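Taken in sequence, the protein lines are chains A and B.
So in my numbering, the last one in the first sequence is 615, and the numbering has no gaps at all.
So in my numbering, the last one in the second sequence is 102, and the numbering has no gaps at all.
Accuracy of the hints is not assured; some may be wrong.
What the hints assert, rightly or not - Using 25 angstroms as the maximum straight-line C-alpha spacing, the simulated DMTMM-like pairs for lysine to aspartate or glutamate come out as follows:
| # | chain 1 | residue 1 | chain 2 | residue 2 |
| --- | --- | --- | --- | --- |
| 1 | B | Lys58 | A | Asp532 |
| 2 | A | Lys543 | B | Asp44 |
| 3 | A | Lys600 | B | Glu10 |
| 4 | A | Lys524 | B | Glu10 |
| 5 | B | Lys39 | A | Asp520 |
| 6 | A | Lys600 | A | Glu560 |
| 7 | A | Lys524 | B | Asp(-2) |
| 8 | A | Lys538 | B | Asp(-2) |
| 9 | A | Lys542 | B | Asp44 |
| 10 | A | Lys538 | B | Asp75 |
| 11 | B | Lys39 | A | Asp572 |
| 12 | A | Lys511 | B | Glu10 |
| 13 | B | Lys51 | A | Glu584 |
| 14 | A | Lys543 | A | Glu603 |
| 15 | B | Lys89 | A | Asp572 |
| 16 | A | Lys538 | B | Asp44 |
| 17 | B | Lys51 | B | Asp75 |
| 18 | A | Lys521 | B | Asp75 |
| 19 | A | Lys600 | B | Asp(-2) |
| 20 | A | Lys554 | B | Glu78 |
| 21 | A | Lys543 | A | Glu555 |
| 22 | A | Lys546 | B | Asp44 |
| 23 | B | Lys89 | B | Glu5 |
| 24 | B | Lys51 | A | Asp532 |
| 25 | A | Lys511 | B | Glu78 |
Simulated from the structure, these hints should not be mistaken for laboratory data.
Keep in mind it's a predicted model, so treat the numbers as computed, not measured.
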Amino acid sequence: DTAVSQTPKYLVTQMGNDKSIKCEQNLGHDTMYWYKQDSKKFLKIMFSYNNKELIINETVPNRFSPKSPDKAHLNLHINSLELGDSAVYFCASSQDTKANEQFFGPGTRLTVL
Amino acid sequence: AQSVTQPDIHITVSEGASLELRCNYSYGATPYLFWYVQSPGQGLQLLLKYFSGDTLVQGIKGFEAEFKRSQSSFNLRKPSVHWSDAAEYFCAVPDSWGKLQFGAGTQVVVTP
């Protein structure tokens, strides 16, 4: 069973489009995250939700809007895609907001043309 | 604010040789420390973690790491690398909100 899953794995789209990435975890964790990995492999957190509530919102353009319909899901919607949004987006989950280990999904490679 | 430095961007090692990856952290208190591995095209997998106690930590895939407070380091080691160890390795420190600060990563290339 996959602990943290993301769909799609690859996403190729044109500038200006709107797209969503979905994430689901079956670990029973309370906290979920979105990270962005750029072309130099640098990883940076974007958002974190705990029990469906937003608790971390880094300096991310408001074109990015996370949504957590329940504890097991955290989706990322991106409006008006730009070339600079091309990256790999990772979803992760942890038991709670304390410094426990995080379990990562396989990533979604987004390419904006 | 805490930060993590991985001084080596790229390391090439022969199969069967030993490997050591460096990680230095900046943190006021005793930190939690993690090492993750990212194989090509894959997500991140936790290799090992340090929370407290024994400063030598054993992980998966034959890796170990040693926490040295005096040097603010948490270096990762493996006595004998396998070709499958070729990957990107990340050291990370979480803050009190669970936000992971990652190092820039070290790419490991294994040669025959």
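Problem - Straight-line alpha-carbon gap B/Lys39 to A/Asp520, limit 25 angstroms - result: violated (38 angstroms)
Practice task
Below or equal to 25 angstroms on CA atoms is what counts here, so check B/Lys51 against A/Asp532.
Solution key: Not OK: B/Lys51 and A/Asp532 at ~28 angstroms, beyond 25 angstroms, violated.
Exercise for the section: Given the hint that B/Lys51 pairs with A/Glu584, test it: the Cα-Cα distance must not exceed 25 angstroms. Expected result: violated (39 angstroms)
Handout entry: Pairwise hint evaluation, B/Asp(-2) against A/Lys600, where the allowed Cα distance is 25 angstroms at most
Key = Distance ~29 angstroms between A/Lys600 and B/Asp(-2) Cα, so the pair is violated.
Exercise for the section: Assess, step by step, whether the Cα of A/Lys511 is no farther than 25 angstroms from the Cα of B/Glu78, and give holds or violated. Expected result: holds (19 angstroms)
Practice task
Assess, step by step, whether the Cα of A/Lys546 is no farther than 25 angstroms from the Cα of B/Asp44, and give holds or violated.
Solution key: With Cα atoms ~30 angstroms apart, A/Lys546 and B/Asp44 exceed 25 angstroms; violated.
Problem - Given hint B/Glu10 paired with A/Lys524 - CA-CA distance at most 25 angstroms - result: Violated, at about 37 angstroms.
Exercise for the section: For the pair we were handed, A/Lys521 and B/Asp75, check the Cα-Cα distance against 25 angstroms. Expected result: Violated, because 35 angstroms separates the two Cα atoms, which is more than 25 angstroms.
Handout entry: Restraint status (C-alpha distance of A/Lys543 to A/Glu555 at most 25 angstroms)
Key = It is violated: about 28 angstroms lies between the C-alpha atoms, which goes past 25 angstroms.
Exercise for the section: With a cut-off of 25 angstroms on the C-alpha distance, tell me whether A/Lys538 and B/Asp(-2) pass. Expected result: It holds: about 22 angstroms lies between the C-alpha atoms, which stays within 25 angstroms.
Problem - Hinted pair B/Lys51 and B/Asp75, Cα distance within 25 angstroms - result: With a Cα-Cα distance of about 9 angstroms, the restraint between B/Lys51 and B/Asp75 holds, given a limit of 25 angstroms.
Exercise for the section: Please work out if A/Lys543 and A/Glu603 have their alpha carbons no farther apart than 25 angstroms. Expected result: Holds, at roughly 20 angstroms.
Taken one by one, the earlier hints fail for this structure at numbers 1, 2, 3, 4, 5, 7, 9, 11, 12, 13, 16, 18, 19, 20, 21, 22, 23, 24, listed in ascending order.
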